[in-house]
Amino acid sequence: MTERADFTDATRATGEAIIELQDVDKFFGSFQALRDIDMKVGRQEVVVVIGPSGSGKSTLIRCINRLEKHDRGRIVVDGVELSDDIRNIQEVRREIGMVFQQFNLFPHLTVLDNITLAPRQVRKMPKREADALAMEMMERVRIPEQANKYPGQLSGGQQQRVAIARALAMQPKVMLFDEPTSALDPEMIKEVLDSMVELARGGMTMIVVTHEMGFARAVANRVVFMADGEIVEVGSPEHFFTDPREDRTKLFLSQIL
Amino acid sequence: MTVEAPVLDVEPVEVEPGQGPMDWLRKNLFNTWYNTLLTVGLGALLVGAFVAVITAILGADFEIVRVNLRLFMIGQFPVDQLWRPWVSTYLLAVLIGFVGGALAAGARDRALEAGLPYTRTTFRQILLRFWPIIALVVVILVFTTTPLPSLLTLGATGFGVGAYYLARVLPRAVRRWTWLVVVLLLAGAYLALAGFGGVGWEDWGGLHLNLFLTVAGIMFAFPLGLLLALGRRSTLPAIRAISVTYIEFVRGVPLITLLLFGALAIGFLIPRDLRPGLVTRMLLAITLFEAAYIAEVVRGGLQAVPHGQVEAGQAVGLAPWTTMRLIVLPQALRATIPAMVGQFISLFKDTTLVAILGVLELLEASFIVNAQPDYLGKGLFVVTLTFAGLVFWVGSYTMSREARRLERKLGVGER
Chain A
305 MTERADFTDA TRATGEAIIE LQDVDKFFGS FQALRDIDMK VGRQEVVVVI GPSGSGKSTL
365 IRCINRLEKH DRGRIVVDGV ELSDDIRNIQ EVRREIGMVF QQFNLFPHLT VLDNITLAPR
425 QVRKMPKREA DALAMEMMER VRIPEQANKY PGQLSGGQQQ RVAIARALAM QPKVMLFDEP
485 TSALDPEMIK EVLDSMVELA RGGMTMIVVT HEMGFARAVA NRVVFMADGE IVEVGSPEHF
545 FTDPREDRTK LFLSQIL
Chain B
972 MTVEAPVLDV EPVEVEPGQG PMDWLRKNLF NTWYNTLLTV GLGALLVGAF VAVITAILGA
1032 DFEIVRVNLR LFMIGQFPVD QLWRPWVSTY LLAVLIGFVG GALAAGARDR ALEAGLPYTR
1092 TTFRQILLRF WPIIALVVVI LVFTTTPLPS LLTLGATGFG VGAYYLARVL PRAVRRWTWL
1152 VVVLLLAGAY LALAGFGGVG WEDWGGLHLN LFLTVAGIMF AFPLGLLLAL GRRSTLPAIR
1212 AISVTYIEFV RGVPLITLLL FGALAIGFLI PRDLRPGLVT RMLLAITLFE AAYIAEVVRG
1272 GLQAVPHGQV EAGQAVGLAP WTTMRLIVLP QALRATIPAM VGQFISLFKD TTLVAILGVL
1332 ELLEASFIVN AQPDYLGKGL FVVTLTFAGL VFWVGSYTMS REARRLERKL GVGER
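Line by line, the protein sequences are chains A and B.
This note's numbering runs 304 ahead of the 1-based position in the first sequence.
This note's numbering runs 971 ahead of the 1-based position in the second sequence.
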């Protein structure tokens, strides 16, 4: 298949794969959410996943850090294959940061505590060191002045940037973004995308589920189009804008662009 | 027994700017003829009831309470051992003062660290918060016949205030040991009563026993209820089955049944030498009973925490138990404060049920004094029951108010 060829080329171009999915299937009851997913993501690669709702985009990235358990196939993250062993799962999760559509900040903790919680609990970092790290991350997403506020006191855009800082504080090798701007008011989308673009330019490996084609064009190495739980087409952003091959891709793009 | 909603104060209605109170009255109470009728009718009823109650209280002869005050407060605690409750009271006063001071200092430090304004609690705020308790203590002291209790109470208050200021000025490194101070003082307060040839809780009585059963009941039932709630949500079928069976069984039985069972049935099941005392068995029954209710309250709170919170915890690599402890439980318990305090208030009032086994707690004491030769057949139940009711009201109302305060405080930054 031509798409598969595209895939391998892109992977080769960016070096050794950090995430590898082989023949991954996922069922919710009798509904098949993922079908024969093969995918490799290279180090420092930015992959944007697009597709109609219910196409399995979110399920795909949620399988990578085991928020969903895949039913068949192999998922290998940085040399560790995901299994049922909880220690194995936690090891993988430490290397993967995730940003959710609904932010999922901890409402009972201040912004600073939201960010330092995992470094202190998981990495056993002393408070002083964790605070310094958190300040650094907050400066990266341009919210250092919000450290002592609670998430409920921030705007949606600020909350999402806190969520990015929280994920970054674990110093992950890969960042997953599950529709990070879909719950935001239009005027706040840019500030979040700016932070993400900066992150991508800094060399972070990223898998981003989004419909922001401007973002894809700016930083994506590859765009993956999914429909009905399958990967339908893979290519560069330019390929999708100028020469999409599959009818389903064309239809989808005509709807969102 | 039912779970009661805590008493809620009605928020004062804001008067819009440019409107006098007369306008407000006209708009809200006298806007139609039937509203006017209702206002006048209910107003007259309220005033009448108020006058009647005040007249009854002022006109009543509280001699029966005055004479039996000790019985109401501590039951049949031996008179020559009275120094023990006082020592215990002093230790508890120091405990309350110290914890209050440590909490205030902690809040102050956090505010300073975060660069936020910090307003210290004023004397007036304390008065407004605890006026029912303060008023009750004054009433009780007025009933005493010698000045000694008043002097001792003043002394205990002084100790409490001293401990408050001590805790405030202590450095943070020392304040970190507050929990140890709490444990030591609690143990001390208990030993002062029961240790060194003292009087064990089997022989406590009056309000003292009600308070003890309430505090001990909460202390034991809360952790057990928490475990049961977590057990009910466990992924292990055996643990879930045990929790569900326990909760549903206990909730299907009246507390009195459990108390009777504890008092009578356990007596047959356990050999006399190993049998715990009557009050211990009461405490056990109360604990087991309340735990089932607390478990359901906690379960409601757990359900109120969105699943995204767990996922966010998992995604940053927190272990399942850490996620539960630091992310889910704090939010769940905050959501349960109203229901939980309702449960605690019920527990406080339910401690009166131990009376059916002949234990001399406050309510029972306020009954039996009417059988004393001096008061027999004088119909003074109204007086003694009013007094007991007042004491329970003060406790319940204070709990309810403090819960509301806590709720507001924790609500800072709520989504």
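Hints listed in this document are in silico derivations from the structure and should not be mistaken for laboratory results.
Just so it is clear, CB atoms sit at the ideal spot from N, CA and C, and this is done for glycine as well.
Check before you lean on any hint, since a few could be wrong.
To be verified - Derived lysine-lysine pairs resembling DSS-like cross-links, with alpha carbons at most 30 Å apart:
id, chain 1, residue 1, chain 2, residue 2
1, A, K431, A, K477
2, A, K373, A, K344
3, A, K477, A, K344
4, B, K1320, A, K453
5, A, K431, B, K1380
6, A, K494, A, K344
Stated by the list, open to error - Derived coverage of chain B by chain A (criterion: at least 3 residues anywhere in the stretch with Cβ under 8 Å from a Cβ of chain A; other residues may be distant):
id, segment
7, 1080-1092
8, 1212-1224
Taking the hints in turn, this is what the structure says about them:
no., hint, verdict
1, A:K431 with A:K477, "holds (23 Å)"
2, A:K373 with A:K344, "holds (18 Å)"
3, A:K477 with A:K344, "holds (15 Å)"
4, B:K1320 with A:K453, "violated (40 Å)"
5, A:K431 with B:K1380, "holds (25 Å)"
6, A:K494 with A:K344, "holds (29 Å)"
7, 1080-1092, "holds (count 3)"
8, 1212-1224, "violated (count 0)"
The earlier numbered hints that this structure contradicts are 4 and 8.
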